[in-house]
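Enquirer: Could you slot chain B onto chain A? The hints should help.
Each protein sequence line maps, in turn, to chains A and B. Quick note on the working numbering: the first sequence kicks off at 1 and runs consecutively. Quick note on the working numbering: the second sequence kicks off at 1001 and runs consecutively.
Source of the hints: derived by calculation from the structure; they are not laboratory data. None of the values given here were measured: they were computed from a predicted structure. Treat the hints with caution; some may be incorrect.
Unchecked claim - Within a straight-line C-alpha distance of at most 20 angstroms, the following computed EDC-like cross-link-like pairs (lysine to aspartate or glutamate) qualify: (1) B:K1191 / A:E202; (2) A:K33 / B:E1134; (3) B:K1133 / A:E139; (4) A:K33 / B:D1125.
Take a look at the letters that make up each chain.
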Amino acid sequence: MSNTTVNKKTPAAYNYVDSRVGFSAALKRNMRKVFPDHWSFMLGEIALYSFLILLLTGTFLTLWYKPSMTEVIYNGSYIPLKGIPMSEAYASTLEISFDVRGGMLLRQIHHWAALFFIAAMVVHLLRVFFTGAYRKPREFNWLLGIALLTLGLLAGFSGYSLPDDLLSGVGLKIASGIIQALPVVGTWALYFLFGGEFPGTEVISRLYSIHILLLPGAILALVTAHLLLVWTQKHTQYPGPGRTEKNVVGYPLLPVYTAKAGGFFFIVFGVTTLLGALVTINPIWLYGPYTPDQVTAGSQPDWYIGFLEGSLRVMPAIEFNIFNTWTFSPNVLIPALILPGLMFALMGAYPFLESWITGDKREHNLLDRPRNAPTRTALGTMSLSFYILLWIGGGNDIIATTFNLSINAITWFMRVALIAVPPLVFIATRRICLGLQRNDLDKLLHGKETGRILRLPEGGFVEVHEPVSEAELPKLLARETYPVWELPQKVDANGIKTPKYRRQLMKAKLSAWWTKGDLPIPTMKEIQSGQHHAHEALEQAHEFGVEPGKEEIVTSTNH
Amino acid sequence: MTNKFDINNTFDPDNENQAPKVSKEVATKLPTPAKGVDHYLRRTDTDPKAAKRAERQVAAFFGASSLFTLIFVVSFFAIPRETKIAVSLIGVTSAQNIVLGTSFGLAILFIGIGAIHWAKKLMPDVEMVQERKEMKPADEVQQEALDAFRVGATESGVGQRKLIRRSLLGALALFPLPFVVMLRDLGPAPKGELRKTAWQEDLHIVTDITYEKIRPEDIPVGNLISAMPENILEIQEEEGNLNERGKSAILLVRMRPEDIKSQQGPDWDYQGIVAYSKICTHVGCPIALYEQRTHHLLCPCHQSTFDLADSGQPIFGPAARRLPQLAITVDEEGYLVARQGFQEPIGPSFWERGA
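Next up, chain A with everything else stripped away, as it sits in the complex (with noise of 0.2 angstroms):
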C-alpha cells in the first residue's frame, strides 16, 4: 500500500528491546490489523473512555475525600453551611467542592463520566441486541458486557453515597429498606452491611472500599478480557461490498484506527470536561449534611437507578404475614431484586436461547439489520418500552407536578402501562420489520422506484424502476431465514416414545412464532431477472428521452 521508502536497519532501542521481550511477531500480527469503521462503533468506546476519565479523576479525588461518619462542625468556606454539624465525608466533599482548586472540576467531571459511563454501555448494549452481534462466537463477550453493566450499576450507586450528602442518604436508606425486607438473612445482612442499625458509621467507609477498589478492579478486569476477545475475534461489520463473514473490511490500527479511536477518547474527555466547567452536577452543597429524619420532595436518584425507583413506585402494596411470625414484603422484593435479577438473566440467557430456537450454530460476522430479524427487534423493543415505562414511572412525582396530573392517576396508569404497552410494542415493531423487508424485496425484484411516470405512445403509463446500485445490493442480499422445525410425534410408528418430546414441541412452536410472516428469500435468478428488467425499463425510458432528474411527461409519487 504504501510507496515510501521503510528504513530497513532495525532501531538499536527497538532491538534492546526486542531481544529480552520479543514483540516482533505479535507487532507484524498487530500493527496493521483492520477494524471496520462505524458510527455505533464508537458507543462501547465511549464507554471504555468514560471509565478511563473515571479512574483518572477518581483517583485525583481519593487525594482530598475522607470516608468517615465522624460526626465535625464544618468550617470551610462556603458559607450556607458553615457551623453545622455533618459527617467527614460531606465536609470534605464540599472542600473538594470549595477549597481545592479545580476540585469543582473533579467531582463534577467524575460524574459526568459517570454517567455517560452507564449510558454508554446501555446504548451499545443495544447496538449489539439489535444487530445480533451476540451470536457465536460472541456469547461470552455478550456475558461479559452484562457483568459489566451490572458492576457499573454498583459502582455508580456506590459513588453516589459517598458524599453522605442528604439526597445521597435518602438513596442508602432506601437501599437499607430493601435489604432489610430479604426473607430470613435481611436483619443479619443489614446489620452486617451498616455495622448494625441504619445508618451506624460504618457504611461510607465500606462503600469507600467497594466504589474505589473492589469495583473498579472488577470492572477493569472484565473489559480487558472484553476487549481482548474483541481483538481476538476481529469486530463483526454491517454488509456492504466486499464485506463477508470471512473477512474484515476497514482501516488500519496503525495509523487510521489509532488516530481515530485515539481522538476519540480525547473529544471523550474534552466533552465531559467542559459539561464539568459548565452545567453543574449533583449539587451536594444544595441538599444539607444527611440526617436520617429529613428528606427532600422531587428527590430523584441517578438516570441509571431510575427504572429500579419506578418499579419500586408502580408495585402495589402486597405484604404477607407467615403465621403472624414473620413478615414478607413482595412489595419491596419484587419491584427491587426479583424484577432486575430476572431482566438481567433473561438478558444473559438471550443469545442461547435464540440460537436454540433457531438452530443456528454457525459464526456470524456480518451484523444483521434490524428488519431482518424482526422477532429479534421486536422482543427488544419491547423490553425497551417495559424498561423506559419503568424509568418514567420513576418521574411521576416530577410530572404530577410538571403537569399538574394527579400522582395516582399516573402511578395507576403506569401500573396498566407496564403490561399492556410492550405487547403492543412488539406487535407494531414486528409489522414495521416486514414492511422494510417486503421494501428491500420489491427493490430487488422489481428495482428501485424513481417516482417517475412514463406515458408510453400506446396511451398507457409505466413507472420506470432503477437497478439497485452496487453499493446497496449486498446490504438488500444480507437476509437469511431460518426454518421452522416439524412438531414432534409424542409416540412413533413403532410406539416408542419420542425423547424430550416436551422441550421438541416447545422449540417447534416457538420457531414458528420466531420465525412467522418471513418472507421467502428470492434466488439469484429472481433477483438478477428483476434488476435486468429495471434495467431495461430505464433503457427504454431513455429511449423516449426521459433522463434521471429531467421534467417528466407526467410526474407523480402515486401508484
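Expert: Using the frame of chain A, we list chain B on its own:
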C-alpha cells in the same frame, strides 16, 4: 424457506449470494485494499495545496491545545478562589471553575479534533481487507492440546489417586472459610433493636431543630410539626451515631377532633393532636408532605400515602402497613409527652417483625 440455510454447514463462501470473496493468501500477508468498494479521491489527495492547508489546520488544533493548557496553568495561580463571574445561562458562578474547566476541556478536545482531522484529511482512506479465521482451531490442534492435558493429568495421577484428590478438594473447599468467618464481625447480632425506639412514658416531645418542649397551643389546627424525644441529643452523643434519629422521628398534626375517624388506641390524641412515626413503612424514608384538607401524608420517595385521620392507614402506593401511632398527653406543666412507647415496630418491614 430454507434455501440459504443449512444447519450442518458453516458459512459457505461459494454461495453466490455472497459478495466477492478474498483469496486465502491474504490472511498471511498484510491487509490489502478491499475490492469492490467505492473509493473517491479527496481534495487533499489531488491538490497539494489542499493537503498543505489540512496540515496547517491539524497543527493549529494541536497548537490551540497547548495554548489552552498554558491558560489552565496560569489561571490556576492567577484567579483567586473567591472570584465570581456572571455567565449567561449559567448565572453567577466560580470564575476559577469556569476558566479552569473550559481551558482544560478545550486543551483536551483540540487534541482529539486535531487527530481526527489528520486521519480524515491526510491519512490514506482506502478501505483495507483482512481475512478472518474461524475461532475454532483445527481439529488436530484441539486434539494435541487435549492430549497434552491428558498426559499431564495422567502423570499427576489425580485420576487414580482418589485419596489425594479428595483430600485436596477438601482442603481447597475449606481454606476460604477463615475469610468467611472473619466477615462475622462486620456487625453485631440483631437483638431486636429494630423493634425499639427511645420513646417511653412521660418523655417530652421536642421540636427536631431547636429541641424545645411543645405545648398543645403551639400547634394550630392543620399544622404539622416534626418532633423528637427530649433525650435525642444525649442518645446521639452516647451512641455516637444517628440511628435513633432515624427511628424516633415523629410527626405531630393537629386536626379538629371531629375529623379524626379512628386511631390506633382509645384517645391516643390530645385535643385533636395526633403523633405518628415519621418513618415510612415501605422502605423507610422520612415522610414530609402533608395535605391539610384531606389529612393525607405522602412519602416523597415512592408516594405511599397514609391517612392520618384514619389510624395512619396506607391508602395508596407501595406501603402495605399503617404508620405506627404514638399515644400522647400533657404533663402537669402543660407540655406534650408520650403516654407510652410505640406499640409496634416503626419503619420498614423485616423478616422477624411478625404481625
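Enquirer: CA of B:K1133 to CA of A:E139, is that 20 angstroms or under?
Expert: The given pair, whose Cα atoms are some 17 angstroms apart, holds under the 20 angstroms limit.
Enquirer: Mind checking the alpha carbons of B:K1191 and A:E202 for me, to see if they're no more than 20 angstroms apart?
Expert: Within the cut-off at roughly 19 angstroms; holds.
Enquirer: Given the hinted pair A:K33 and B:E1134, is their alpha-carbon gap at most 20 angstroms?
Expert: Given that 20 angstroms is the threshold and the Cα spacing comes to 16 angstroms, the pair holds.
Enquirer: Between A:K33 and B:D1125, does the CA-CA distance stay at or below 20 angstroms?
Expert: 15 angstroms, holds
In this structure, none of the earlier numbered hints is contradicted; all agree with it.
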